[in-house]
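2 protein chains.
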Amino acid sequence: MSLDRIMDARSVAIIGASRNPTKRGYQTIRVLLEEQYEGEIFPVNPKEERILGLTCYPSLKEIETAVDLALICTPAKTIPTILEACGEKQVAGAVLLAGGFGETGQAGRELENTIVDVARTHGIRLVGPNTSGMLNLKSNMNLVGLRDAPKGNIALLTQSGNMALTLIMEAKIKSHKGFSYYVGVGNEADIKFHEYLEFFRQDPDTAAILMYVEGMREGRKFLQQAYKTTIEKPVILLKSGRSSTGKRSAGSHTGALAGMSRVAKSALQRAGVLVIENSDELFPVAESLSSLPAIRNNAVAILADGGGHATIAADLLTDHGVRMPELSAKTQEKLRELLPPAASVVNPVDVAGGTDADPSLFADCARVILQDPNVGGLLLVGLFGGYGIRFAEQLTLMEEDAAHQMGKMVRKYKKPVVVHSLYASEKPHPLELLRYYNIPVHDSLDVATKCVASLAEYGNYLHSYHAKTNFVFNWGHKAHPKGAAIICQVRAEGRSALLENEAKALLRHHQAPVSADALAQSADEAADLAEAIQGPVAMKIVSPQILHKSDAGGVKLGLSRKADIRKAYNQIVKNAKAYAPDADIRGVIVAPMADAGVEVIIGTKIDDQFGPVIMYGLGGVMVEILKDVSFRVLPISRLSAKRMTEETKSSPILDGVRGNPPHDRKALIKLLLLCSDIVEAYPEIAEMDLNPVIVHEEGVTIVDARILLKPTESACPI
Amino acid sequence: MSLDRIMDARSVAIIGASRNPTKRGYQTIRVLLEEQYEGEIFPVNPKEERILGLTCYPSLKEIETAVDLALICTPAKTIPTILEACGEKQVAGAVLLAGGFGETGQAGRELENTIVDVARTHGIRLVGPNTSGMLNLKSNMNLVGLRDAPKGNIALLTQSGNMALTLIMEAKIKSHKGFSYYVGVGNEADIKFHEYLEFFRQDPDTAAILMYVEGMREGRKFLQQAYKTTIEKPVILLKSGRSSTGKRSAGSHTGALAGMSRVAKSALQRAGVLVIENSDELFPVAESLSSLPAIRNNAVAILADGGGHATIAADLLTDHGVRMPELSAKTQEKLRELLPPAASVVNPVDVAGGTDADPSLFADCARVILQDPNVGGLLLVGLFGGYGIRFAEQLTLMEEDAAHQMGKMVRKYKKPVVVHSLYASEKPHPLELLRYYNIPVHDSLDVATKCVASLAEYGNYLHSYHAKTNFVFNWGHKAHPKGAAIICQVRAEGRSALLENEAKALLRHHQAPVSADALAQSADEAADLAEAIQGPVAMKIVSPQILHKSDAGGVKLGLSRKADIRKAYNQIVKNAKAYAPDADIRGVIVAPMADAGVEVIIGTKIDDQFGPVIMYGLGGVMVEILKDVSFRVLPISRLSAKRMTEETKSSPILDGVRGNPPHDRKALIKLLLLCSDIVEAYPEIAEMDLNPVIVHEEGVTIVDARILLKPTESACPI
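Protein sequences, first through last, are from chains A and B. So for the first sequence, our numbering puts the first residue at 1; every next one is plus one. So for the second sequence, our numbering puts the first residue at 1; every next one is plus one.
Chain A with its partners taken away, still in its complex shape:
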């Protein structure tokens, strides 16, 4: 259902309207009147007749015309009844300011469920509860009570009223930009982040979406929506709550924790979202991306009037992974004509005093640089805008000239210019002119470089869009009937863990490279099976009651002689019975010892927020001690699988170290993609662990496999 009637409501009822100026039910009406809301305002309060010159209605049903939206200012416990009334009036949506719901504990959660049920029954959509409200700056529908929020093309979507206030203040003080909408999502009880995102994607007046998130109710749907949105307009997001999560999940170990936070970040980035780490950078990046073209080739030039700033900027851009290519010979030649001999004309360009007498030279340099095909964007750092203040007033005119020229250049060359100026907070006219042309100006080098880096990151994303996945999971797609049968059988036995031989059988049905094992049910059978295998064998107990096979003395390795194998069979079974007297022993796996190679592990699990995720890393110490692993939300594309194998620090080991030959990375990538398919094929799978997998010079071998099913009542869901 579209949110149009809520976001662009043409009439608003204020439930809990008040004549008391300290009450939200008064303040909102006053602000709506002052800011000249284009729709109709209906105060509702049985005890009042008029408020601020408007007729006050005793209840919703007395209002003669249709009501699109209700702003409910009354306490939590009153809300179910009010929503019933909204339903009768066919109100499209309600904004619930009150706290006292899910955020307060069990009783609150139950009340929250109740209001969602009532709303669903009546087809009412809810914003909040526990929200600071919403703003539509096009119709002046101000349901927040904050005056003079600047208007513009950025949609603001946050989970904290104070962060919204921070960002609105920042826009007002430090930019010429503003907002199309603001929504405080509150507890996300009904309308979720991804639904607002879809509305903003479609809104022609929104050019960028700015988000502050502490936690998300439906991570995967958000990723899917972000994937659709970011190709059309940029989404900039700061996610906080790492450390409080830390507290909440005390007891769970750090590796897992850091891992899951990395999952979120990498998934959002794969969906094209610009993930911001520092709150200082959040608005400036949105400012840049809402008004400047993205950088197409990840290549930036720096233009400076002093060494210090240029050095710091070059360091920071390098840290952000942005290239600073040398300028072409032709560009260097042209710059040499413009600048004094001491100038540096490579990159960073340092004017070396060449602009002291005439700062309009900055524009000439900028033009030459932007014409260079190696350059995708320009960062100007230093004193520009302050020459008139610092040296002589008449220089201001030349700076203004330069500002006009640079503003036009951005449009002409479709390459962004970002400006750092010592004088940014003084707001001299040349810098205000730049802002008029949508060129952001910052007094922080850190922020200015981050803006440039984000323009490059977005350009890189758009460039690689074709190689991305859309995060849509076709549950059951590509399932194999025999695989499904194995899961059915396990369920039928009331188990949730597949035995090693069952897990391997399931994998084999998908042509996974599983070691050629067989299950022996007697010592003689074991000896016969071993004979058929070339070389020594490994033997492992199979029993639903014994998950930790080694602990039970249920594993023997490197056996060759028939007598040893028989003995081992009997010993393993004896050990198992001693370990778990009631164990149902299904037999002993006889498997060839794996060929030489690099040990890796692949695991999948279901994340609370994002659903199925996959983990990959080199085995042993690398994963256990160094936590050197790579995570992705499933499904993954070939590109993602490739990057997973490359981004762990131990990745070069696969290429062969100390004279070893390279190992078969292609086969490993194929296996990662197959794991993605298998998890998609069987929605019953909760966890899958392939540990170890051996990567050989040619091919890979899954040596051990474990599959756990989700707890469920249903015997067989497929």
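One should not assume that every hint holds.
Copies of the same chain look alike in the list, so a pair counts if it works inside one copy or between any two.
Said to hold, decoys possible - Only pairs whose alpha carbons sit at most 25 Å apart, straight line, appear in this in silico SDA-like list of lysine to any residue:
| hint | residue 1 | residue 2 |
| --- | --- | --- |
| 1 | Lys61 | Asn45 |
| 2 | Lys23 | Leu397 |
| 3 | Lys642 | Asp628 |
| 4 | Lys577 | Ala497 |
| 5 | Lys172 | Lys427 |
Derived by calculation from the structure, the hints in this document are not laboratory data. These numbers come from a predicted model, not from an experiment.
Put chain B on the given structure of chain A with help from the hints.
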């Protein structure tokens, strides 16, 4: 020699004084007059008689009274002659503005050497060249030409005029703080960073020292001076130039590069310097440290009026390693009395609307929190200072009251308070009051948390000062005569690399745990030596011409039988001769195969800036692929050695993984300290590599050792 006569000069001659307002020789005089410099000003120019009302002297010698300092505004090539004249006049120091020296190449470097020679001959100290000048804000000696720099207790020492300008502007716009001195060190041709540091250490009007550094000429002397200084007053430093270094050292591989940059950072931190990574944080941290008490227990409380800011601040403080302990039961109880039921009283404290009607409650909460012995400092985040703007004007009075109270609390409890406010840049009166009380106020959460973290970092340093080294190297101290004799012998043979047996012999003289090797010079001797060793042996070629023993087929491992050992000897010698026909073969080492344990490597080398440094890491893949190593500038304390073994990511392997017992970390620490002593004992050593060292359950064994000497003419320097 003290810099007093330069830094506090009572008379300044302006060489190259001018009547042209665009010239530095004019501007400086005008600013000195306008800002009422307390000393005497002597313009010098043979072509002028009066400048700005002052008598202009044809040359220095015509000046009747003594001249402390000369500001030389003329080009590079004129400077040697001018310095001669300064010498005759017994001028104490000269500030050289001109560029065109070492920074421009070989010819410039030679000119720079010339001026240093002239200056030394005449006992003149030089500031610069290639500097923007210096400021003494106590006497208004303004040799920069920048007007109205704010006065205060921070000394500013930079290598970039623009960065100085940035920091001075920032102080002016965003704080109530200012500067005692500014010096642009320029090329550091004569006076070095550490000499200015010593001056500022002694200056009673300087409470903190703020530095921007691109590169240092004498890193070790700076560390020694920093060690002496930071116990008295904080030093805050930003080092840039990572990426340009990257360019310069193209070809050297990334691991080494990152390593050396890490060396600098860790060494500066060990000397108590607060190393800043983001230029935005540089001035604010100096502001905080120049006026607030350090945090004694690394424990901070957050006081907030909204969830978003508190969450972000908690995340950031966690990232910085600052603890946020729970408040005591008593504190929580008192807060509960002050605040509404919905408030959070643990930490972060969230007032949950409790301050809306009376923001002076912030002070009451702050008092209760600061009285808690668990808390070392307070971070207030949110809207404070803006209640009067955002809600109702009369609230401003209550905010002012709170500001007064909090200002006094900092003094009373000797615990710092740092404030983040959305309204910081609006400068409302309550926030200006906080600044009056030396409480910093920032509109950036990132910056405010960094200030708190730095106050904690400095407190931690002061607390652990007793366990630090002073970076003083007593060359030759603890040398062993027999070790010195080995080095003499190597030098006498014209070699710069010790043979394995020589290196091990030297180490043995210092009781290092070297494997019990011996050198065999025949196959029979090898067999006899092996017999004396329990268990299998390793055999390795010894020849000055063969450094890569394995490549030459000069290594055989795990030999036990006499016949095999004889055969191995002959084969090794044969291989060696085939590999290097002219090799001088000194014999074959026969060594016991090392007992089981964890392989580590220890290396030392001489860094250009800091002198001897040591590297430690786990061997094999950990160091080669993962670059998982730890660096320190030598000498190291026991604490540093311990931290080195702990801070590599692979460190837990030493504690025993997968059921292995822990390894002997104590013996490893002892060996690291011994390496520090050995490098100190023999100034001839350029590099020492112990690779591998095996760490056993008890003890360690040095299996292979390599020592390289510095190139030198002298046969034997000891």
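Results for each hint:
In this homomeric assembly, Lys61 and Asn45 come within 25 Å of each other (Cα to Cα) only inside a single copy, at 12 Å, whereas the closest approach across copies is 92 Å. Taking identical chains as interchangeable, the C-alpha atoms of Lys23 and Leu397 lie at most 25 Å apart only when they sit on different chains, with a minimum of 22 Å there against 51 Å within one chain. For a Cα distance limit of 25 Å, the shortest separation of Lys642 from Asp628 qualifies both inside one copy, at 16 Å, and across copies, at 24 Å. Only within a single protomer do Lys577 and Ala497 lie at most 25 Å apart by alpha-carbon distance; the minimum there is 20 Å, versus 63 Å between protomers.
In this homomeric assembly, Lys172 and Lys427 come within 25 Å of each other (Cα to Cα) both inside a single copy, at 13 Å, and across copies, at 15 Å.
Against the hints set out earlier in the document, no violation occurs for any number.
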